[in-house]
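Asks: Each chain is listed here by its residues.
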Amino acid sequence: MSTAAPLDVAVVKRDFPVLGRSVHGRPLVYLDSAATSQKPASVLDAMDAYYRETNANVHRGVYEMAADATERFEAGRTAVARLVGAPREGTIFTKNATEAINLVAWAWGARNLSSGDEIVVTQMEHHSNIVPWQLVAEMTGARVRFAPVTPDGELDMDGLRALIGSATRMVAVVHVSNVLGTINPVPEVARMAREVGALCLADGSQSVPHMPVDFDELDVDFLAFTGHKMLGPTGIGVLVGRPAILDEMEPFLGGGEMISDVREDGSTWNDLPWKFEAGTPPIAEAVGLGAAVEYLEGFGMDAVRAHEREMARTLLDGLAEVPGLVVHGPTDPDRRGAAVSFSLPDVHPHDLAQHLDQDGVAVRAGHHCAKPLMRVLKVPATSRASAYLYNDARDVEVLVAALGRARSYFAT
Amino acid sequence: MSTAAPLDVAVVKRDFPVLGRSVHGRPLVYLDSAATSQKPASVLDAMDAYYRETNANVHRGVYEMAADATERFEAGRTAVARLVGAPREGTIFTKNATEAINLVAWAWGARNLSSGDEIVVTQMEHHSNIVPWQLVAEMTGARVRFAPVTPDGELDMDGLRALIGSATRMVAVVHVSNVLGTINPVPEVARMAREVGALCLADGSQSVPHMPVDFDELDVDFLAFTGHKMLGPTGIGVLVGRPAILDEMEPFLGGGEMISDVREDGSTWNDLPWKFEAGTPPIAEAVGLGAAVEYLEGFGMDAVRAHEREMARTLLDGLAEVPGLVVHGPTDPDRRGAAVSFSLPDVHPHDLAQHLDQDGVAVRAGHHCAKPLMRVLKVPATSRASAYLYNDARDVEVLVAALGRARSYFAT
Amino acid sequence: MGGLDDLYQEIILDHYRNQRNTGRLDDATVAVDQNNPLCGDEIHLELHIDDGRLTEVAHSGEGCSISQSSASMMSEALAGKTEDEALDLVEHFRLVMHGEQDADEDRLGDAIALEGVAKYPVRIKCALLSWMAAKDAILTHRSGDQTGG
Amino acid sequence: MGGLDDLYQEIILDHYRNQRNTGRLDDATVAVDQNNPLCGDEIHLELHIDDGRLTEVAHSGEGCSISQSSASMMSEALAGKTEDEALDLVEHFRLVMHGEQDADEDRLGDAIALEGVAKYPVRIKCALLSWMAAKDAILTHRSGDQTGG
Ligand SMILES: Cc1ncc(COP(=O)(O)O)c(C=O)c1O
Ligand SMILES: Cc1ncc(COP(=O)(O)O)c(C=O)c1O
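Residue numbers (the numbering used here), protein chains in the order written: chain A, 906 to 1317; chain B, 906 to 1317; chain C, 18 to 166; chain D, 18 to 166.
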């Protein structure tokens, strides 16, 4: 399968204008792609060209510019659907992954859940795959249950199995953890959900950007992800859903675009996917996301994944050189992505991130929107270095050297 | 008040790259700004610079790029709040005006409405200010009532007064109609709502871009508008709300950014405005919208309004030359914006829009997301020409000439 | 429609102004309604099907010159055809509209005049509306046969 | 913290490693908890207020070197001050952090070492956390007086 050519990172770096900048006089080493990715010039140019050449509102315009705008917008959808092997009509644009999950929580959950029903999530979820369910549970009387995480940062499959039962209506699980890097066995989780008649949602925010993801292979009912983490712009996310289920659902947001007819005494809905896209959609953002998908496809997701497996290994090896440093999450690069969280005794993550910034290195410090997981790990916060296709071993070297300096500063 | 210098449209046009293009060999005459506005180069450059210089996720990053990104993002909020005289903490970024209204419908309406309660809207609302209320009404047992429109396209204030009573909980009204151009007396409507203890929401999608709008003067509880119609990018909208009311409301979308703490047994919320901004916000879009506000402020909204009053007059005068053409909406430029809908006997709006496109003129044909109003006007669709600060009398001349050609083509 | 060949424009305008086969049938075998939600064009279509053959076609509705003339042309093109022939012809017209097949004037009749619409993506739906309604009517009729017998 | 003046760094690290006035009071007049939701820094602050004067200040919590050292410095700076003096000093420190006032070493004591934090917008909240907690505690105490008497 992985016959793809390896990435030439030196060439890749040149496609990303921001990577040429310096920070505090040092060349930028960007290791925070799990928070948001940088954008290749092709993505920025596609959006700029859209605005400069043919900006118009989509779908309703007869004139040529509007037709052209609609075509570019819908081509973005086609590209995204193709990337994850999803049907176009099941590929819905939202503003981010968070809205995508809320869409399911509200449009499906608020109308289908009731007292006694259970929603199963995991302890390694991002807040965006916890809070929507808590809000809906509170409104409907349903209950949110948390599947445990093993001490080495994997999903505890036995613990999960024990939670899933006849009361379960939804199992919502992160595909790749943004803190631990863990790759979860989503198809197995989906099977467990299906066996009890529950639906399954995968949060693909950290998987779709970084590895081949196929909606059918995942075998879930819903897949959420976000544009800005996959080389695309802010302001756009994606919900992929099984059309048969989406068809049965009432709409979420109401307004323009999503209607078939509006009368004073009630309204009827547009076809999929537009039924779930109320108001003017993120047009330029869809154009940009389409360009991001094309950029990724130029390498192939197999090659991206192969590179990131190597980056995970390089990061783990490099971090192992720092005395006392503890990595949270799997240590086998085959079982994880290239987002690596760690703790350094005596150095608070915020102090560390600021020290590294002085050396031009951008890493994230904090709870990474995963407070329940922080409690499981028994840390108030972690530091996280996360790589993407534009990072190389040299970046890791700079990181490790800077870590050493920070350590000796605080350890003295 | 209007001591502002008049706009020099020839200069303004040069700020908008797309206006230099041609369509079917003719110079573009863009008269569809009520659907979406074009963008000045300064807006495109601000977004591009954000991505090329300092793109990072906001609020949670310690490193310099993240701090810079956060600053540019929040500066966008400050600019928007300043433009409409709103408190910063009451200025919430959404994905468009539609989401802004849905936010109120769901976060306030779904939790506060019940059987017997009434929501009053008008017959001239955009679908985005109808369907959210219908959806919430259907879930809560509340009822949506439609205030009538007079034959000359104004809000029937007596009819509205007759509808507002002790059962009324919300009055949601468009400030300027996207079809008729009518400027509604929002402060008076807000007073009527307050007298019965109801809240008032104004849809400012067609007013904020085009005239001075002051949140306090409008005297409403909520004001919704959208970035892409005010020279800003797609993918961003704004809800302004009274902080005291927003404070009392539960959140709408759940996820990252909007929390204070997340525990397995429940969560607590962040301060305003972030409590209502779940997930990664439209960062580059806020930067772009901030630049759009600065561009508008460069002229002053008084000057923009003065220009558009003249454009409304020029459009009305020009259209009056076309035999048989019927304008829908007020004919007094002081009482209306520069979006003018009309019908031409024997020429279907779609045919007309396509004919005009052949002459380089972009106008919109259809129901303009206002099907209830189409029924009141007893037309299946209308044609609409809408001007902005970059249009001039010459654009109207081209339109009128093209209308004449279309008319003779279909009339023969 | 501006930009189309002159001769074709004349045929389209003729069908638009003098629509053939409008109204309702006394004894429709099947009737369907379709509309284009984005532009509001509407069609009501009735077929009389006798022994697998479309003996009568009648349409009414409102819309632009393209959707109205197309309905008129469709009614002429399909009348007298067997169900299968009609479905084939609808598919041919659909492919022509999407630029995936060359137009066959012998089969399309006056509808050949709509060939140029393929260049205008937003108008394709207008042209297709009545033809898709015809397909829908035939399939509805068939499924009715099946469930009925 | 990298980028800060060396002398100041030493003072900060000293307060970070050897925090003054930590723990709890036996007879706190008022106690408050505050946290910084975005980075998770937490402080628990207790004051003993006697006749309008902060006779004892004790803090505990967790966080980065800035928030922890700042709490330690705050406890030294405010101990012994009257409520009004303490509120004034908190306001002075806040303005220094926002770059709106020059730091007054006589009043701030070791907290002068945090002056440079004003250059790091994201760390200002860390530095301010304990001082805002002190303000909150004093105001809580006052409103308690009012409601109580
Ligand atoms: C009056 C009015 N309200 C609401 C909207 C919806 O704006 P958006 O599509 O950006 O949500 C529009 C524009 O389409 C409008 O004209
Ligand atoms: C695993 C995971 N889920 C969801 C999200 C939310 O994405 P967004 O903020 O774009 O909605 C993120 C990123 O912050 C994430 O890492």
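No lab work stands behind these hints: they were computed from the structure.
Ideal Cβ positions, reconstructed from N, Cα and C, are used throughout, including at glycine.
Any given hint could be a false lead.
Said to hold, decoys possible - Not the full set, but computed from the structure, chain C residues with beta-carbon under 8 Å of chain A:
#1 P54
#2 P138
#3 I141
What the hints assert, rightly or not - In silico DSBU-like pairs for lysine-lysine, Cα to Cα no more than 30 Å straight-line:
#4 D:K152 - D:K136
#5 C:K152 - C:K136
#6 D:K142 - D:K152
#7 C:K142 - C:K152
#8 A:K1283 - D:K142
#9 B:K1283 - C:K142
Asks: Would the hint linking K1283 (chain B) and K142 (chain C) be met if the CA-CA limit is 30 Å?
Replies: Holds - the C-alpha atoms of K142 (chain C) and K1283 (chain B) are around 24 Å apart, at most 30 Å.
Asks: Given the hint that K152 (chain C) pairs with K136 (chain C), test it: the Cα-Cα distance must not exceed 30 Å.
Replies: holds, 23 Å
Asks: Could you grab the alpha-carbon distance between K142 (chain D) and K152 (chain D) and see if it respects the 30 Å cut-off?
Replies: Since the Cα atoms of K142 (chain D) and K152 (chain D) sit roughly 14 Å apart, the hinted pair holds (cutoff 30 Å).
Asks: Verify the interface restraint on P138 (chain C): the C-beta must sit less than 8 Å from at least one C-beta of chain A.
Replies: holds, 5 Å
Asks: So if I understand the rule, the pair passes when the alpha-carbon distance is 30 Å or less; does K152 (chain D) with K136 (chain D) pass?
Replies: holds, 23 Å
Asks: Using 8 Å as the Cβ threshold, decide whether I141 (chain C) counts as touching chain A.
Replies: violated, 10 Å
Asks: For the pair supplied as a hint, K142 (chain C) and K152 (chain C), is the alpha-carbon distance within the 30 Å limit?
Replies: Status holds; Cα separation ~14 Å.
Asks: Just to be careful: measuring from the Cβ of P54 (chain C) to every Cβ in chain A, is the smallest value less than 8 Å?
Replies: holds, 4 Å
Asks: Compare the distance between the alpha carbons of K1283 (chain A) and K142 (chain D) with 30 Å, and conclude whether the hinted pair is satisfied.
Replies: It holds: about 24 Å lies between the C-alpha atoms, which stays within 30 Å.
Taken one by one, the earlier hints fail for this structure only at number 3.
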